[in-house]
Structures are given as structure tokens and as C-alpha cells.
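2 protein chains.
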Amino acid sequence: MPFTMSQTSLPVFETGLHALLAVLDKAAAHIAAKKIDPPVLVGWRLAPDMFALGRQVQVACDQAKNGSARLAGVEPPKFDDTEATLDQFRERITKTVAYLKTLDTKAIDSSSEREITFPLGPSKGQMKGADYLNHFVLPNFYFHLTAAYIAVRNFGVEVGKRDFLGAIPLKRI
Amino acid sequence: MPFTMSQTSLPVFETGLHALLAVLDKAAAHIAAKKIDPPVLVGWRLAPDMFALGRQVQVACDQAKNGSARLAGVEPPKFDDTEATLDQFRERITKTVAYLKTLDTKAIDSSSEREITFPLGPSKGQMKGADYLNHFVLPNFYFHLTAAYIAVRNFGVEVGKRDFLGAIPLKRI
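So the protein sequences, as listed, match chains Y and C. The numbering of the first sequence is numbering that gives the first Met the number 0, which starts it at 0 and goes up by one. The numbering of the second sequence is numbering that gives the first Met the number 0, which starts it at 0 and goes up by one.
There is no bait here: all hints are sound.
Heads up, simulated EDC-like pairs for lysine to aspartate or glutamate below, C-alpha to C-alpha not over 20 Å straight-line: (1) Y:K170 / C:E114; (2) C:K25 / C:E90; (3) C:K77 / C:D61; (4) Y:K160 / C:D61; (5) C:K33 / C:E157; (6) C:K127 / Y:E13; (7) C:K77 / C:E90; (8) C:K123 / Y:D162; (9) Y:K160 / Y:D24; (10) Y:K123 / C:D162; (11) C:K25 / Y:D48; (12) C:K94 / C:D79; (13) C:K170 / Y:E112; (14) C:K160 / Y:D61; (15) Y:K170 / C:E112; (16) Y:K77 / Y:E90; (17) Y:K25 / C:D48; (18) C:K170 / Y:E114; (19) C:K105 / C:E74; (20) Y:K127 / C:E13; (21) Y:K160 / C:D48; (22) C:K160 / Y:D48; (23) C:K160 / C:D24.
Calculated Cβ distances over 12 Å to all of chain Y for the following chain C residues: (24) A27; (25) V73; (26) P76; (27) L85.
Which bits of chain Y does chain C cover? Going by a derived footprint, with three or more residues having C-beta under 8 Å, they are: (28) 3-16; (29) 114-125; (30) 140-147; (31) 157-164.
In case anyone wonders, no lab produced these hints; they're calculated from the structure. Even for Gly, the Cβ is constructed at its ideal location relative to N, Cα and C.
Just chain Y, with the same shape it has in the complex (with noise of 0.2 Å):
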């Protein structure tokens, strides 16, 4: 079986941002037991100028969406960010993993050469496809993936590796 983009790609982010949603599942248990009003978890901050735990869940979503959408060759649709309650962070990543299964796995595969443009802060980057996911899309998306985990983890929840790293198609023998 040859290795491919698409499968480098979308099982990825799917499996890290079902992973994500179980570990907001034991923060949102560690707050109603503990009696924490729920809008200082999603505000949660590892540094004063990092992004608070609400927007890192909506820019992992984003960094599986966008990038996944450019390898296949279609515009990205725009998810607005108005979310503020856990359920709404909750469906964000719901919503970004149903859109990744509307993608043309094809399509990705075929795009290693492809110039790949995109915005980048007030201007534009471009890469070749392969570059972009090895060097751009699965770093971003594994920076606020980890930066959300490590947010609810240093919140006090109990959460370990095996959380951060989900559902994989591990074998123990």
C-alpha cells in the first residue's frame, strides 16, 4: 500500500479532534464537580498572550479544515467564531470533523506538487502541498491541539497521554 496525503491528513485530525472532544468531556465532569463557573475553563490561559482554551479548540478546528480543504483543491467554508460555552466549542469540533468526510480523498492524494496558496497573517504564504501538510497544516494543527490538552491539563483535570492521543489503531501485546 502506498503511503498518501490524504491518509497523513484527514484520519489524522479526525482521530486528534474526537480525542479533543473526550478531553473537554472531562473538563466539563471536573467543573460541575467542582462547582467552577464553566466560562473560566474555556477562558484558560497557559501564558497572557497565548490564546484561551476556547479559541485554541477553534483554531486546531480550523488548521484540519482549512488545510484539508486546500490539499483537495476547494475553498474552506468560513466557520464563524462566535462560540462561547463548552457545548458550542463541543460542536465546532463536530462540525469540522463532518466536514472533513465530504473531502475527495483522491483529490489530496494528487496534490504533493500543487502550489498551495493561503493567507498568512496580513499576507499570503504558498508551499507545494506536501511541504504544506509536513511543515505547516500538522504543525499547527498538533501546536493548539496540545495547547488546548495542556490548558485542561495545568487547569487540575486529570487527564493523561493515552487522552491526547485517542482512538489510534494501536495493538498492545
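Position chain C relative to chain Y; hints supplied.
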């Protein structure tokens, strides 16, 4: 050009580890300027039950070294975890990058269907090569790389996303 497993591992690890080296340089300058005792930096933790910064660096290096070696079908060398100073942690990174350069890219490229067996806590894990890279090595590598970066940022060092991404093949247009 086909999409290959060596391309999705070796240069990805090298770029990420070099970026981490530069982040540690900024951290060294920060503690020198603020006259902070160096062990305070390498011992910094984002949560009481998370690894300290120095250990995050060691584990990020080991994910890259062990993951790549196993995909190439060779036994990874064991690097003793004896580092204590920032210079020694820097050396661990350099040594890891040098080791990555010795690996056979063709052996890595042909490993997508090969069953990889690896130590996992008290037992062992087994995954097909492509799954091992996509769902174990890359997420674990990025987890510890991001944790190290966030620990430095949380410590008060001025670093941003560009420092995390490092020297990626990006054209700004």
C-alpha cells in the same frame, strides 16, 4: 513526485528540533538577562504531574530518534538521560539530528505495511509502519515539542508561533 514516509518524518523532525534549539537559545538569553538560576528553567513544569522542560526536550528527541530508527528497521541507539544543563540539552538535540541523518530513507519509505513493535510502558505496542508514523510518532513528537515550547513561553520568554515552526519551506507572497 510521490509522497513518502521519509519526507514526512526526517525533515519534519529536523526542522522541529532545530526550532526547539533556537527557542532554548532565547530562553538562555532570557534567564541571563533576568539573572535566573538555570536549573529553574530546565525544571519548569506546566502542571505538577507533567514532565519538566528538560525532560520534554529529551522525550521529543527520543520520539524522533526511536520512531525514525524503527521505521528504517534498525535498533535505535539509547541516549542516557543524564543532561542537567541547558548546554547538555542543546547537545542532546544536535546529537539526535546527527543520528537522523544516518538513516536509510529508502528503508523508511518501504515500511508503510511493515509491523513495527515498540516498547510501550510495561508492555509492547504494535502498529503498521504508516499508522505508527501518523498516529503515534508524529503526535507524540509534536506533543513534547509543543509542551517544551509552551513551557518556555509560560516561563516568560518572548517566543511566538514562528519560533515554533522554525525554518519551513514557506514563500511569502
